[in-house]
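Chain residues, written in single-letter form:
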Amino acid sequence: MRANDGDDDRARRQLSPEETRRRVDASLRRRYRSEQLFRLYGLGSVCLGVVFLLVLFGTIIGSGYSAFRQGFVRLDVHFDADLIDPDGGRDLDVLSAADYSLLVKAALRELVPEVASRAEKRELNGLVSSGAVFELRDTVMADAQILGQTRSLWLPLSGDVDLWIKARSAGKSGEDMGGKLSANQRAWLERLQADDRIELRFNRTFFTSGDSREPELAGIWGATKGSFFMLLVTLLLSFPLGVAAAIYLEEFARRSWWVDIVEVNINNLAAVPSIVFGLLGLAVFINFFGLPRSAPLVGGLVLTLMTLPVVIIASRAAIKAVPPSVREAALGIGASQMQMVFHHVLPLALPGMLTGAIIGMARALGESAPLLMIGMVAFIVDVPGGPMSPSTALPVQIYLWADSPERAFVARTSAAIMVLLAFLLVMNASAVWLRSRFERRW
Amino acid sequence: MRLPTLLLILAAIVLAAFFLGRQRALSLARPAGGVRSLHSLPKYYGYYASLGAVVPGIALLLMWAAFSDSLITSRVVASLPEALRNQPEAQLSLTLNDIRNLAAGQMQDESRSAEFAVAADLYNSLRDSSRKVLAGLVIALSFSGFALAWLQLRPQFRARNRVEAVVRFMLVLASLLAIVTTIGILLSVSFEALRFFRQVPVGEFLFGLSWSPQTAIRADQVGSSGAFGAVPLFVGTLLISGIALLVAVPIGLMIAIYLSEYARPRLRRIVKPVLEVLAGIPTVVYGYFAALTVAPIIRLAGQQLGLEVASEAALGAGLVMGIMIIPFVSSLSDDAINAVPQAMRDGSFALGATRSETIKRVVLPAALPGIVGGVLLAASRAIGETMIVVMAAGLSANLSFNPLESVTTVTVQIVTLLVGDQEFDSPKTLAAFALGLMLFIVTLILNVIALQVVRRYREQYE
Amino acid sequence: MLIMDKAQDVVAPPADTVPAAAVPADAQRLASDTVGDVTAKDAVICVRGGNVFYGDTHALINVSLDIGRNEVIALIGPSGCGKSTFLRCLNRMNDTIESARVKGDFRLDGQDMYARDTDVVMLRARVGMVFQKPNPFPKSIYENVAYGARIHGLAANRAELDDIVYGSLERAGLVDEVKDRLDDPGTGLSGGQQQRLCIARTIAVNPEVILMDEPCSALDPIATARIEDLIDELSEKYAIAIVTHSMQQAARVSNRTAYFHLGRIIEVGPTDKIFTNPAHKLTEDYVTGRFG
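Residue numbers (the working numbering), protein chains in the order written: chain A, 1 to 442; chain B, 1 to 462; chain C, 1 to 292.
None of these hints come from the bench; they were simulated from the model.
Computed from a predicted model, the values in this text were never measured in an experiment.
Glycine is no exception: its CB is placed at the ideal position from the N, C-alpha and C atoms.
There could be a bad hint or two in this list.
As the list claims (entries may be wrong) - Chain A side only, calculated, beta carbon under 10 Å to chain C, not exhaustive:
| # | residue |
| --- | --- |
| 1 | Gln14 |
| 2 | Ser16 |
| 3 | Glu19 |
| 4 | Arg21 |
| 5 | Arg23 |
| 6 | Asp25 |
| 7 | Ser27 |
| 8 | Ser209 |
| 9 | Arg213 |
| 10 | Leu232 |
| 11 | Leu236 |
| 12 | Ala378 |
What the hints assert, rightly or not - Some chain B residues well away from chain A (every beta-carbon gap over 12 Å; in silico):
| # | residue |
| --- | --- |
| 13 | Ala32 |
| 14 | Val54 |
| 15 | Phe67 |
| 16 | Ala432 |
Could you put the whole structure together from the sequences, leaning on the hints where they help?
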């Protein structure tokens with residue numbers, strides 16, 4: 001810059017208004033084009049975000065909805081007393097130990113009498129799920145009078161057959177889905193279909209049973225209960241602790257380096273990777289305190305530590321939103337600080353705190369990485385009875401099924417995801433409702 | 001006595017203590033001129049008595065929970081025959097595990113020697129007696145605590161102040177939990193990591209180029225030592241996180257810009273919650289999506305282009321992780337952009353700048369610290385993300401920067417090393433904690449820097 | 001037009017656009033509720049029947065006013081009377097407010113400001129604005145002044161840009177204070193310097209009119225005096241409209257004064273007449289300090 005130039009020189013070089021206008025005009029075309037482009041980038045990004053969401057949901061729903069229905073076959077089962085209870089004692093132990101698969105086999109043979117070789121028999125028996133025997137057993141155990149009679153029963157088909165039938169009913173050839181079925185099996189199934197003996201019915205098993213190696217017998221009830229116990233522990237611990245910490249930090253603590261450290265800590269903990277909490281749980285709760293692996297209690301403890309920062313941050317915001325005038329009014333009539341907090345501030349801040357807690361719970365419900373560390377990834381068939389019995393959690397169940405090689409688990413994984421998302425939707429919606437219902441502007 | 005029963009009894013004592021304490025206060029007050037002569041409301045005397053009953057009992061319970069197991073274990077170890085007791089640490093912990101399982105009746109392995117059965121019996125009997133002693137002590141402590149509190153009650157006794165002091169103390173304890181958690185993470189993870197570094201030198205872990213933690217069970221097997229050079233994991237983590245940030249930062253930032261600078265309020269009201277849904281989806285769902293949908297698409301596209309694409313290519317996991325953190329980036333950028341005062345924009349518009357010129361030359365530079373803080377937080381998130389990479393990234397530690405190859409990450413290795421049957425004290429298991437320590441330190445540094453930057457930025461415009 | 005399409009949604013093209021030639025004849029009728037002469041000799045800005053609505057609020061009611069070349073016109077009145085709103089109409093800054101609607105005839109050099117084919121960018125390059133609170137960009141002093149020239153492409157090379165920046169700082173009376181630290185952030189200057197920087201930034205684009213919205217309200221008396229001197233110097237080259245709360249300031253810097261009251265212009269006239277001999281009762285009450 002030539003700072004020493006004379007004023008005249010400077011004035012001469014200053015643009016005339018006309019020249020300025022000409023130059024601005026010359027720049028306009030380029031600028032408007034880049035404006036439009038920039039705006040398009042923005043709009044495109046927004047669309048991209050929405051499209052991602054739609055594709056995600058579309059994929060999940062598209063591959064998962066079929067799991068809510070299950071293929072059944074109607075068999076005329078003859079409850080042969082000689083096979084089940086040869087002694088005729090109707091002893092419950094005998095009844096429960098009997099081999100009910102014989103009944104299924106017999107019923108199938110009746111429908112497809114031409115089967116001769118052992119291989120063909122195996123193919124035929126493979127059509128029906130291995131879980132069918134449990135249903136027959138339960139039927140007999142419930143009412144032994146049925147022995148000797150013949151009943152027409154709907155029994156679940158095996159996973160591969162189920163896939164083939166769903167593919168056919170969706171109008172596809174079934175070739176690609178039924179790759180595992182032999183030509184014989186397809187022929188028999190087509191015949192059964194022609195006889196109206198095959199039907200897609202609501203898949204109750206999916207909602208009522210625990211995990212299983214057989215896709216058609218696997219359900220989410222065990223995982224759901226495990227998640228429920230875990231969230232229960234988390235809620236019972238993190239809500240009171242988080243609220244207490246928030247009250248102390250907002251109402252009692254004086255500004256000091258100490259409080260600063262606590263604050264930095266809380267903010268940092270909210271951003272620590274969840275898997276690190278899993279390591280903490282493994283080292284402290286399981287190895288040091290000797291708590292059992294795979295227990296919802298331990299999962300709940302780990303998730304408590306994870307959600308605590310969320311609850312504290314939300315609770316502090318809720319307390320901050322209570323105007324100072326309320327505090328002054330309470331203190332002014334002689335309440336102690338503790339009474340002021342518990343009688344006046346806390347009730348007013350409670351809805352906001354609850355909203356924060358629900359959002360924290362929703363996050364805890366979707367969390368799976370730390371649970372892998374503490375053994376909740378085990379294959380557990382039984383539905384857990386309490387917070388100490390081994391169990392898994394809904395998102396971990398999804399992870400387990402996603403890893404299974406059986407194709408029939410693909411649909412079930414997606415269906416389990418739909419259930420999980422439904423839970424999350426309900427929780428978040430209730431948080432939103434709570435906020436709008438009790439939101440107060442001071 | 002089982003724990004729930006004990007807790008029930010304790011609760012009953014506490015409840016009784018409340019009523020007795022209140023009653024005591026009232027009866028003390030009657031001769032002195034009624035309730036008004038008391039220093040505090042009668043219920044505070046009740047609270048005080050209950051606190052006297054509950055605090056010592058609970059304290060003892062917690063101590064028991066913390067130390068009983070290790071005490072019992074050491075007694076059991078001491079009782080073991082010489083040969084078993086002098087095993088190396090790793091073997092010993094396996095032995096103890098077996099004894100515990102035997103004691104819990106989970107293992108009916110007849111092949112175990114009689115020594116195990118004896119030890120298991122001892123373990124059970126010690127546990128039994130420790131439980132009995134505990135129950136007795138807790139109840140006794142509760143009663144004596146209550147008695148002490150009860151004896152202190154006078155009309156002029158400052159019950160409310162005492163109770164409030166205790167409550168306040170509990171509030172302090174609750175607020176300390178965050179620090180305790182951080183210290184707990186640091187201690188537990190670094191303790192195990194130190195044990196790992198005793199077996200594998202730090203230098204080899206940090207700078208080694210080969211990672212194959214599968215140590216052999218028998219010493220004479222090939223490759224029995226295992227290799228613990230973590231560089232391939234760091235590179236893999238950086239590669240996948242880098243891809244994720246390349247996806248998320250431009251898209252997230254442009255979304256934030258569009259929504260806060262261009263979109264009408266109505267569009268904003270609709271789109272914002274929709275994008276928040278994206279943030280609320282569990283990561284396991286993203287992982288499933290990556291493995292089921294995105295990976296095959298990438299492989300197919302690669303084949304069309306004649307490229308060699310691994311079935312668990314880093315690109316797939318990175319893309320999906322990017323989608324996951326889009327809402328994160330966009331909401332933090334949104335905060336930063338909204339914090340820029342309207343006066344800045346007005347100044348620019350008044351000079352004749354177009355909207356995009358104003359954004360690019362005024363708003364974004366002004367919001368840059370806030371945006372950088374958000375990106376750092378997003379990076380920390382991407383590095384620590386687990387489920388997506390566990391489900392969609394590979395297991396083999398390839399040292400590669402090629403996004404079409406399969407790489408593995410720190411979190412994937414932690415999960416593989418710790419899921420399933422573990423033998424404690426083997427370097428394989430301990431390596432997971434060393435990786436966890438690295439992860440914690442790196443994310444801690446990122447978070448602290450990011451939070452500081454964001455905080456300073458907010459203060460600038462407040 | 002691409003950029004301000006949002007503005008077009010809210011600013012309906014004036015339905016009752018009056019042909020340019022007809023304006024003077026209609027002037028008296030349109031300004032019938034204003035006392036004094038709203039017209040100016042050699043007017044650069046010409047407003048007839050201007051109305052502004054913010055949602056349901058009628059913020060500016062049927063105002064008419066000319067601004068002449070080389071004159072300083074002061075807009076005074078109690079707060080909330082619409083003087084800032086009027087000012088913001090003159091370079092379409094109201095476009096950035098979602099709920100604002102502008103109606104009426106606003107002309108710059110005879111050209112309708114709100115016509116479809118009028119370019120906002122060009123309009124604002126010709127009508128600059130200085131705000132109440134100094135709002136330098138978070139950039140260096142140099143970049144602050146160079147900003148307008150850069151976006152409009154006024155300088156062909158670095159030397160020309162240097163000239164523009166240096167000349168503007170000089171005309172804003174800031175050059176001696178900052179010439180050694182042009183790379184320091186503009187936000188590091190004092191309040192008065194910041195405001196002069198904003199003025200330098202505005203004149204770097206070479207506007208014809210400068211709008212000033214209470215430019216001294218955030219400044220101390222000494223800084224205010226410097227800005228007032230600067231306004232005096234600038235009035236040789238630019239038309240200046242200044243909104244002010246201070247009647248003394250209006251008296252010191254302006255040739256003409258318009259008194260606003262509840263969204264209307266009550267009285268317009270030479271500054272000394274307004275302050276010494278106002279024609280309207282409301283004006284008299286205001287200038288004598290009965291309210292305000």
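Hints the structure violates: just list their numbers, smallest first. 8, 9, 10, 11, 12, 15, 16
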